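What follows is each chain in one-letter form.
2 protein chains.
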Amino acid sequence: MTRSATSATLADDVRSGDRAALARAITLIESRRADHQAQARDLVQELLPHTGHAVRVGITGSPGVGKSTTIDALGMALIGKGHKVAVLAVDPSSARTGGSILGDKTRMARLSAEDDAFIRPSPSSGTLGGVAAKTREAMLLCEAAGFDVVLVETVGIGQSETAVCDMTDFFLALMLPGAGDELQGIKKGLVELADMIAVNKAEGDNLKRAKAAAAEYNAALHILAPRSEHWFPPVVTYSALTGDGIDTLWDKILAHRAAMIACGDFAARRRAQQVKWMWTILDDRLQTRLRSDPAIRGRVRQLEAAVANGETTPAVAADEVAALLERR
Amino acid sequence: MTRSATSATLADDVRSGDRAALARAITLIESRRADHQAQARDLVQELLPHTGHAVRVGITGSPGVGKSTTIDALGMALIGKGHKVAVLAVDPSSARTGGSILGDKTRMARLSAEDDAFIRPSPSSGTLGGVAAKTREAMLLCEAAGFDVVLVETVGIGQSETAVCDMTDFFLALMLPGAGDELQGIKKGLVELADMIAVNKAEGDNLKRAKAAAAEYNAALHILAPRSEHWFPPVVTYSALTGDGIDTLWDKILAHRAAMIACGDFAARRRAQQVKWMWTILDDRLQTRLRSDPAIRGRVRQLEAAVANGETTPAVAADEVAALLERR
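Protein chains in written order, with this note's numbering: chain A, 1 to 328; chain B, 329 to 656.
Pulled out of the complex, with its shape left as it was, chain A reads as follows:
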């Protein structure tokens, strides 16, 4: 691997913990320019040996659940314990809207003012696979820069939660107490991913409802077969507003980490994530080429329509697409 001067210098600056350099490095990763992408690959490869030590936590929750205030409170608590906290995001909708769920740093008023915190909005270009890949690499850069806790926020839409779960060690689902009797439903896909369910707003008048919601979620989870025999997803309550239970969130994350390391699942999950990531990138590359190459795109669309209408068999269409790919 050629070590380009740019990436080498930048790598040293990132490792020194230079926040401006870290921000530049992530911008380089997110750039679509071919020369930037080549530099970015060198940079990540260069920093790779200095990554992997952070506690990687994915956090999801519907809009209004209080993700920002929760991350603000959790982040401040962690900084109080001497940690350096990076906050990243995967928001595929940002690719369409150009906005980002973390674009507005004022959503994390306290944390964004801390030297030991680094907040970065979601990449706002490309497919979900592309956005997730950039966030993954940003995570590695943050680790190389000395951040030992990485919080990856995602909105609860479709595959973005799976993508974040695939890049983190622990996946936390935030919920709200039901208003009165009606309980906020757990998205089915989420049940499969969550290592813990935390009910926010366990404060004042809501305390009782929060406890009741937690009890119901817990009962529901007990009817489901656990993903790992070494960890049963706990259901806890907390208040991002008062800070009650924030420490418990972190204690559970560390307990999970200890259990997974003890049984070997931790290393296995990290390894599997790496390999899966490689295939995801490859798939995203092929998909991107099929969509971007004008010579191919039109024909692929025709084939998709013919298959959807039952005029052509998927096998016949797949043969032609494969031929289009191989002819390049």
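Any given hint might turn out to be false.
As the list claims (entries may be wrong) - Cut-off 30 Å, straight-line C-alpha distance, at most; resulting in silico cross-link-like pairs (DSS-like, lysine-lysine):
no.	chain 1	residue 1	chain 2	residue 2
1	A	Lys-252	A	Lys-276
2	A	Lys-208	A	Lys-252
3	A	Lys-211	B	Lys-539
4	B	Lys-536	B	Lys-580
5	A	Lys-81	A	Lys-211
6	A	Lys-276	B	Lys-580
None of these hints come from the bench; they were simulated from the model.
Computed from a predicted model, the values in this text were never measured in an experiment.
Since the structure of chain A is already known, use the hints to place chain B on it.
Coordinates of chain B only, in the frame set by chain A:
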């Protein structure tokens, strides 16, 4: 598309409802010989206009839940109503063991003796994607041969359930009453797929336990957000032994079908399945080439190991694999 003589004649025989021809056609589809595969593509393309009218039902359940006796009872009930019933299977483990969950037809003693029933074991070669693709095409052939109900059985392992859900209109999960208090856990992934949960062995001494289990499953499902706003997965009890509740299974399947057609989800799901199928086949082709081409396989394995060990970034490895694919 060239219309090979063989496939043309065979297509006519299949359409005439000739069971021996149907069996030969499926064998042709499952063959790995290049000339057979070309004929199979012509055959399916030829019969495509005569497919799609059947009720496609996926059925899953852990070993011992009574899948065979359930299919035997349901199939006999449907034949009694004047239906023609095809029973297929997706069993990826058959690729390893050479066996098949439906290899032993005596498991469906009554149904296998019926002229209006056609039972075919799972294809026993290839990746899950390959096995599923062959089962899908076998389903189309059965439809062209006049079977108006297709039951696709699968064992509850990993992705096979998703594969069957992706080729059927209705996905039925069979469960057992818990022994005493302990309740059989619902696999989390299954919660996302199931259009109905049916508790078997609701008979004699088990009746009470079956009802209790159904009530608990129902309570759990109600805490989960439904997949479709037009259908809430019911939880029912039945007995494959006595036949009690078998008619209810079919009534629910038809009720779901009516609801999905009314809201337009039925056509949308079928179209989406077709397109997804095309991409699955393409992906399977690429994967197969990466695994089978000796020039590529070794290097891919090295790259996977390097990525798993954190020596190479997934992006760098993906670039090289893409180059290997494109060089062919």
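So, going through the hints one by one against the coordinates:
1. With a CA separation close to 27 Å, the supplied pair Lys-252 of chain A and Lys-276 of chain A stays within the 30 Å bound.
2. Using a Cα cut-off of 30 Å, the hinted pair Lys-208 of chain A and Lys-252 of chain A holds, with the two alpha carbons roughly 22 Å apart.
3. Annotation: proposed proximity of Lys-211 of chain A to Lys-539 of chain B holds, straight-line Cα distance about 29 Å (limit 30 Å).
4. Of the pairs offered as hints, the one joining Lys-536 of chain B and Lys-580 of chain B holds, with about 22 Å between alpha carbons and a cut-off of 30 Å not exceeded.
5. Under the criterion of a C-alpha separation no larger than 30 Å, the hint pairing Lys-81 of chain A with Lys-211 of chain A is consistent with the structure, at around 28 Å.
6. Pair hint Lys-276 of chain A plus Lys-580 of chain B does not hold up; C-alpha atoms about 39 Å apart against a cutoff of 30 Å.
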